[in-house]
Amino acid sequence: MAFRGVLTAITRPSGCGKSILLYCLSGLERPAGGVAQVLGRELGKLNEQRLALFRRAHVGFVFQAYNLVPSMTVRDNVLLPLSLAGRKVDKATFAAVMDRFRLSGHEQDAVGSLSGGEQQRVALIRTLIADPDVVLADEPTGALDRNTGWMVFSELLAFAHRPGKCVVMVTHDPDLARRCDVVYTMADGRLVVSQSEQVPVR
Numbered sequence: 001m002a003f004r005g006v007l008t009a010i011t012r013p014s015g016c017g018k019s020i021l022l023y024c025l026s027g028l029e030r031p032a033g034g035v036a037q038v039l040g041r042e043l044g045k046l047n048e049q050r051l052a053l054f055r056r057a058h059v060g061f062v063f064q065a066y067n068l069v070p071s072m073t074v075r076d077n078v079l080l081p082l083s084l085a086g087r088k089v090d091k092a093t094f095a096a097v098m099d100r101f102r103l104s105g106h107e108q109d110a111v112g113s114l115s116g117g118e119q120q121r122v123a124l125i126r127t128l129i130a131d132p133d134v135v136l137a138d139e140p141t142g143a144l145d146r147n148t149g150w151m152v153f154s155e156l157l158a159f160a161h162r163p164g165k166c167v168v169m170v171t172h173d174p175d176l177a178r179r180c181d182v183v184y185t186m187a188d189g190r191l192v193v194s195q196s197e198q199v200p201v202r
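Take the sequence shown: its letters are residues 1 to 202, numbered as in full-length UniProt numbering.
Worth flagging that the hints you see were computed from the coordinates, not collected in a lab. Some hints could be false.
[To be verified] Computed cross-link-like contacts, EDC-like style, restricted to lysine to aspartate or glutamate with a CA-CA straight-line distance of at most 16 Å:
{"id": "1", "residue 1": "Lys91", "residue 2": "Glu107"}
{"id": "2", "residue 1": "Lys165", "residue 2": "Asp131"}
{"id": "3", "residue 1": "Lys91", "residue 2": "Asp76"}
[What the hints assert, rightly or not] Using C-beta positions, here's what the derived DEER-type ranges look like:
{"id": "4", "residue 1": "Glu107", "residue 2": "Val193", "range": "23 to 31 Å"}
{"id": "5", "residue 1": "Phe3", "residue 2": "Ala110", "range": "34 to 42 Å"}
{"id": "6", "residue 1": "Arg102", "residue 2": "Leu82", "range": "17 to 25 Å"}
{"id": "7", "residue 1": "Arg190", "residue 2": "Thr93", "range": "23 to 31 Å"}
{"id": "8", "residue 1": "Gly44", "residue 2": "Gly105", "range": "22 to 30 Å"}
{"id": "9", "residue 1": "Gln37", "residue 2": "Val193", "range": "31 to 39 Å"}
{"id": "10", "residue 1": "Asp175", "residue 2": "Asn67", "range": "43 to 51 Å"}
{"id": "11", "residue 1": "Gly164", "residue 2": "Gln49", "range": "20 to 28 Å"}
{"id": "12", "residue 1": "Leu84", "residue 2": "Ala187", "range": "22 to 30 Å"}
{"id": "13", "residue 1": "Gly164", "residue 2": "Val69", "range": "24 to 32 Å"}
{"id": "14", "residue 1": "Trp150", "residue 2": "Arg4", "range": "18 to 26 Å"}
{"id": "15", "residue 1": "Val193", "residue 2": "Gln64", "range": "22 to 30 Å"}
{"id": "16", "residue 1": "Arg102", "residue 2": "Ala65", "range": "34 to 42 Å"}
Built from N, CA and C at the ideal position, the CB exists for glycine as well.
Take the sequences, apply the hints, and build the full model.
Right, dumping it as structure tokens:
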């Protein structure tokens, strides 16, 4: 349903299973039927330890609830997953991504003191700075104003179009969906292609 070098959108009203689909694609949930295959790996055949290692190495998830630690600073929230994986990000890279997401100056602020829109951007930075092969984003612009939402969308689109990358995004915004390379709608538990551009696989 998704390919490298492509930004894929999944749309439809709440409650039809879009978020559960993302959870299945990440291995956080196991499908009741069918096969979830990501980067050539059938996730249902991996045990919990291997699934965790696979996610850490290849998959970034932008949760609708952000899943940040309110008492920790923005910087520490962003860098925590990398630290757990034994990875580092240089100061210039961190500063650049903070600037692109309009959060410069908030590095030492406690996440709990930020607005919902600012927290959503912190969650996005945390995912993208880890440079995963696949990004699964659940309503990544839901708490953002129009201008900031388009800025975030542009970042996701640019990331998806990098060689070897892939982004799957759940959204209720029809304007954003129309700008994606491929759009699926969900109906009766099935995905139906409603838009598909001829995008070269990168």
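Query - Hint check, failures only - result: 4, 7, 8, 9, 10, 12, 16
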